[in-house]
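Enquirer: As a plain string of letters, each chain reads:
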Amino acid sequence: MRNLLIFVLGSVALIALPYGLSFSQQEILVFLVINVLLVTSYRLMTLTGEWSLGHVVIMGVGAYASALYTKELGIYVPVSMILGAVTAALLAVLLSFPLFRMKGFYFLIGSFAAGEIIRLIWKRFREPFGGVRGISGIDPMPDFSIGIYQFDFFEPVSYYYFAGFIVIASLWVLWRIEKSPVGLTFHAVHWQDKLAQASGVNLRAYRTLAFAIASGFAGLAGALQAHYVGTVNPNSFDIEVMVFVLTWAIVGGTATFYGPILGCIVLTVLNEIVLREMGLEQARPLIYGAIMILSILFLPDGLESLVQKVTRRKSAPKPEEKAAT
Amino acid sequence: MSDFLEVRNLTMRFGGLTAVDSLSFKVEHGSIHGLIGPNGAGKTTTFNMISGFYTPTEGQILLRGEDISGLKMHEVARRGVVRTFQHSTLFAELTVLENALVGTHMPFRPNIFAAIIGWDKEDRRGAEARAREALEFFGLLHLSDERAGDLSHGHQRALGMAVAYASHPDVILLDEPFTGMNPEETKHMMGLMRRLKEDGITILLVEHDMQAIMGLCDTITCMSFGKFLAEGGPTEIRNHPAVIEAYLGGARHVA
Ligand SMILES: Nc1ncnc2c1ncn2[C@@H]1O[C@H](COP(=O)(O)OP(=O)(O)O)[C@@H](O)[C@H]1O
Ligand SMILES: [Mg+2]
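Chains F and S supply the protein sequences, listed in that same order. When we follow our numbering, the leftmost residue of the first sequence carries the number 9, and every step to the right adds one. When we follow our numbering, the leftmost residue of the second sequence carries the number 48, and every step to the right adds one.
These are calculated hints, taken from the structure and not from any lab test. A hint or two may mislead.
As the list claims (entries may be wrong) - List time: in silico EDC-like cross-link candidates among lysine to aspartate or glutamate, alpha-carbon distance up to 16 Å:
id	chain 1	residue 1	chain 2	residue 2
1	F	LYS111	F	ASP201
2	F	LYS187	S	GLU145
3	F	LYS187	S	GLU175
Stated by the list, open to error - Chain S stretches covered by chain F per the calculated footprint, using a threshold of three residues with CB under 8 Å from any CB of chain F:
id	region
4	108-122
5	137-143
For each residue, glycine too, the CB sits at the ideal point set by N, CA and C.
Based on the provided sequences and hints, a complete structural model is requested.
Expert: Below, the structure written as structure tokens:
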């Protein structure tokens, strides 16, 4: 009953949200929704203990693939988005062969290198990737009606509803995976891979599985973005964007499902409302860097740890501080 | 009784050091087999080779006649040979129940599509029942919700065995399971091992506690400096001159 109430109120709030916002804020809202999927998919990857620097490029793979499928093959946009996601996931499986020979720091560097190679390929080949300028004039999502609501994708509000629906469905799938025995196995692979393997877990298979799922949803986020913006180019998926994703994840905290989402929302609001109003947009990378360092120093467990403190106090009136060892 | 697990001319070299040197022995199905020897004799290295953690430099490991040397650890585990680790190697961040659930990975293989749709309820229930059964067997059920890293040392050792037991193994390799247990706990654990044996599980055991080894094992293989030294029943090994010699006048250890 209480959950149902929260669900209804939450849905109403999400549906009503854009009406209090200006046009440009509505556009930002669309990007925010897409970025929530991006950062949540990134967290799934980190469950197995590997941190990648190629995630944003993989998102770009989904964007490029979906754009090309519609442009070159005339595939219907929603279908091409799914195919874009599948392409990103399959590429991850291919990349896993060289990348999973490495672990930890080496994997981090390896994933960065792989991402740069992919971006180089986009830049180098005008056919079909459009070179440095990328691809423009990407088909928008075709308008449609669901009876009570007419989707008109020139309106950011319509795209917000459309993307919001897809993102929530994706988050639901990611949540189900994490709370399943598969998710437990990801954790096991992270915390003690030797013992997991001795229990019959195929480490390579599970690492690849996490990488492929995370990449698939990142690719879907990329496709959502490509058909909204109408253009893709190599620079929209560069390391600067990756640093934003890392900052969202680290500031929010990766121990819980909602941590990275919280980080993404809080920093986007901070960025768009505070920085834009103050005319400090240019300094965004600098300020993000500072925020990341400050949060590592003073809030090592992320914003989620603040939420946990509050909710724990509520549920347990007399919290006995357990000595953490 | 057939030769169930056999090690043939097993050799492991680390650079110039030969940790295990042409070791051969046979483990009978349904027995408790001890592997003893002074520190550094190569017991853990032998376990690491049998379980697939190391690939032997030379020699074979035969399980039911099949050569399993060089297989990966999870492939060996899937053939029924499951190990524990010498130090308390656990998923310290996970709860005791979650640790045991990872142990049920083989009998209840996770399926991602069924998990998303919700069609794996049966399996999840089965896995949890098995995990609880394993915890109960090792007297850990009341600690289900504790973080594994917060357990006492003795309980951690027991949990390591529960994780292995949860997978329905044919053979369990136990590396110094009694370390960190008081005499009371050791005695209790010995009782549990006899029950595992009654269930038809074969146990290969490395242990320093001679009383436990002598009390439990059907057959004991003694090694020293990587080489086979002697083999036999507890009485035989206890009185074997080479064994006593290897423990350096350690008649008091072997007593
Ligand atoms: N990974 C390794 N690299 C190099 N030397 C090793 C390694 N593992 C074990 N050794 C050496 O092999 C010998 C046997 O070790 P070990 O199998 O751990 O003995 P035990 O378990 O009988 O005490 C020791 O001399 C040890 O130093
Ligand atoms: Mg040892």
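Enquirer: Now look at each hint and say whether the structure bears it out.
Expert: The hints, checked one at a time:
1. F/LYS111 with F/ASP201: Distance of about 12 Å is within 16 Å: holds.
2. F/LYS187 with S/GLU145: Given that 16 Å is the threshold and the Cα spacing comes to 12 Å, the pair holds.
3. F/LYS187 with S/GLU175: holds (14 Å)
4. 108-122: The restraint on the region 108-122 of chain S holds, since 3 of its residues have a Cβ under 8 Å from chain F and three suffice.
5. 137-143: It holds, with 5 qualifying residues against the three required.
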